[in-house]
Amino acid sequence: MADKRMSEDDVVGRLRSGMTIGIGGWGSRRKPMSLVRAMLRSDLRDLTVVSYGGPDVGMLCAAGKVRRLIYGFVSLDSIPLEPHFQAARQSAAIEVTEYDEGMLQWALYAAACRLPFLPTRTGLGSDVMRVNPQLRTVRSPYDDGAELVAVPALPLDAALVHLNRADAAGNAQFLGDDLYFDDLFCSAADQAFISCERIVPTAELAAGGLHTLRVHRWMATGVVEAPNGAHFTSCAPDYQRDEAFQLEYVTAAKDAQAWSQFVDTYLTGGEASYQAALAARMTAARPTAARETELTA
Amino acid sequence: MTGVAEVADDLTGATASRAEVCVVACAEAWRGDGEIAASPMGTIPTAAARLARATFEPDLLLTDGEARYVTGTWALGQPASGAVEGWIPFRSVFDLAWGGRRHVMMSPAQIDRYGNANISAIGDFDRPARQLLGVRGAPGNTVNHATSYWVPRHQPRVFVPRVDMISGVGYDRAATAGPDASRFLELRRVVTNLAVLDFGGPGHSMRLVSVHPWAMADEVVAATGFELAIDGDVPDTRLPSADELRLLREVIDPSGLCDREVPA
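Those protein sequences? They're chains A and B, same order as listed. When the letters of the first sequence are read in order and numbered with the working numbering, they come out as residues 1 to 297. When the letters of the second sequence are read in order and numbered with the working numbering, they come out as residues 1 to 264.
Some hints could be false.
If you anchor each label on the Cβ, the simulated ranges turn out as follows [unchecked claim]:
#  : chain 1 : residue 1 : chain 2 : residue 2 : range
1  : B       : 233       : A       : 258       : 53 to 59 Å
2  : A       : 239       : B       : 92        : 35 to 41 Å
3  : B       : 260       : A       : 13        : 46 to 52 Å
4  : A       : 268       : B       : 238       : 43 to 49 Å
5  : A       : 138       : B       : 221       : 39 to 45 Å
6  : B       : 56        : A       : 243       : 35 to 41 Å
7  : A       : 41        : B       : 227       : 37 to 43 Å
8  : A       : 243       : B       : 260       : 18 to 24 Å
9  : A       : 280       : B       : 56        : 18 to 24 Å
10 : A       : 42        : B       : 87        : 34 to 40 Å
Worth flagging that the hints you see were computed from the coordinates, not collected in a lab. Please read all numbers here as calculations on a predicted model, not as lab measurements. Where is the CB? At the ideal position from N, CA and C, for every residue including glycine.
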């Protein structure tokens with residue numbers, strides 16, 4: 001089996017401006033944030049980003065990387081509204097294709113199956129049809145004659161996902177309760193890049209249960225070992241969402257100067273620098289008594 | 001447990017808070033649904049779905065808010081304590097929704113006379129005055145299975161003549177979008193801090209069903225930005241039973257989160 005291990009910067013080196021890039025996870029859950037952070041540091045631009053969006057979308061919008069966003073929602077879950085996404089929309093800084101969540105699944109599934117479209121009644125009657133005039137309906141060829149939405153396939157140039165474990169060939173494993181649509185993102189894409197908490201020997205994967213092995217090496221172009229790589233989104237069971245940090249992010253995002261400070265502190269250096277800044281933040285947040293004990297020990 | 005019995009003896013509908021009346025009115029949305037998934041969004045709908053299952057609708061399926069169906073009745077803000085009875089990752093949620101064995105309760109930013117509802121963005125879609133969540137699953141939910149709505153503050157800004165971005169489909173728009181849009185459309189009820197409404201008015205328009213004990217029908221009409229259908233005298237919304245109040249106060253919402261959404 002090929003060894004597909006690479007770094008975040010290697011992944012970004014294979015992406016190009018103008019590409020359509022799908023990002024796995026859901027809201028503020030199991031997002032490939034170390035890959036997103038590497039994109040923020042790059043000169044990529046004019047991207048079409050496809051996502052069940054969370055801070056991945058917000059940060060890419062804030063960095064001016066996004067030309068078009070294709071999404072069913074953008075939310076931070078415990079904080080419903082994503083501030084950078086709101087700002088980008090309210091200033092008309094990005095073009096958008098807003099779908100029902102299930103329509104987005106259908107668009108990815110059609111691409112993965114190499115079909116031109118998949119039919120659904122979802123979308124009928126809603127303004128999703130009005131704001132996406134490219135959408136067409138299709139009539140059932142059977143006796144029912146039903147008129148349904150033909151959700152067009154959404155092939156991706158690249159997919160970025162973060163899972164709990166993977167082997168060096170790109171067999172990847174989710175250990176939490178939900179795969180979300182990571183396998184669909186990967187199979188709808190020409191190239192899929194998988195970051196994970198830990199790269200393990202292939203023989204260790206099956207112990208987690210067969211149902212956890214839904215992302216396969218034939219989908220994978222590259223594998224990145226990225227411990228804490230989904231931070232500040234959740235990566236259960238390895239870690240939960242860092243709610244305090246998410247709040248810090250949202251607070252900073254609402255003020256230009258505070259955001260600039262946030263970028264300087266966390267997003268300007270590489271991933272090691274980000275993780276070091278997090279560690280420093282944790283130390284600073286500890287109660288004084290604990291720090292004193294540490295100093296005198 | 002004599003203590004509990006003594007407390008229960010004092011529980012009458014007259015002692016119910018406004019939030020408790022609203023929770024019971026929301027719970028009533030699921031009456032008769034049987035063995036389907038109840039999908040509440042937000043605090044009061046979540047309390048309501050748990051109350052419905054704990055009392056008159058025992059076969060409902062409820063999730064832990066993530067990917068597990070769980071049994072039992074547990075407190076808002078606390079991890080589910082019952083047995084896990086199934087796995088419902090997001091992939092299966094859309095299968096469930098499109099198959100119709102589900103009744104969702106969402107909170108719209110805007111809703112109109114025929115039940116078109118907006119959770120996406122306020123203002124011009126190309127440059128919204130206020131971007132909200134996006135349409136999420138609302139287009140698919142509404143044309144595939146029963147949908148109800150909860151509005152914590154009944155006001156003309158929410159009950160509008162026209163919504164800015166139709167996320168949840170209403171009866172008039174479904175009728176113009178072909179038979180398949182209407183086939184499974186079922187807007188069950190709208191519960192607010194003032195009243196219970198349904199779509200039993202002319203042409204499936206919104207109708208005032210009952211007013212909560214502290215509200216007047218005129219007040220509801222004034223807080224609604226379009227004409228409401230009213231059939232004769234409007235009754236009061238029913239009060240919670242002693243059993244419902246005990247469940248709410250001791251099991252489902254011991255820390256009073258619902259009272260924060262609708263103050264007493």
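Violations among the numbered hints, reported as their numbers in ascending order: Of the numbered hints given earlier, those the structure breaks are 2, 4, 7, 9, listed in rising order.
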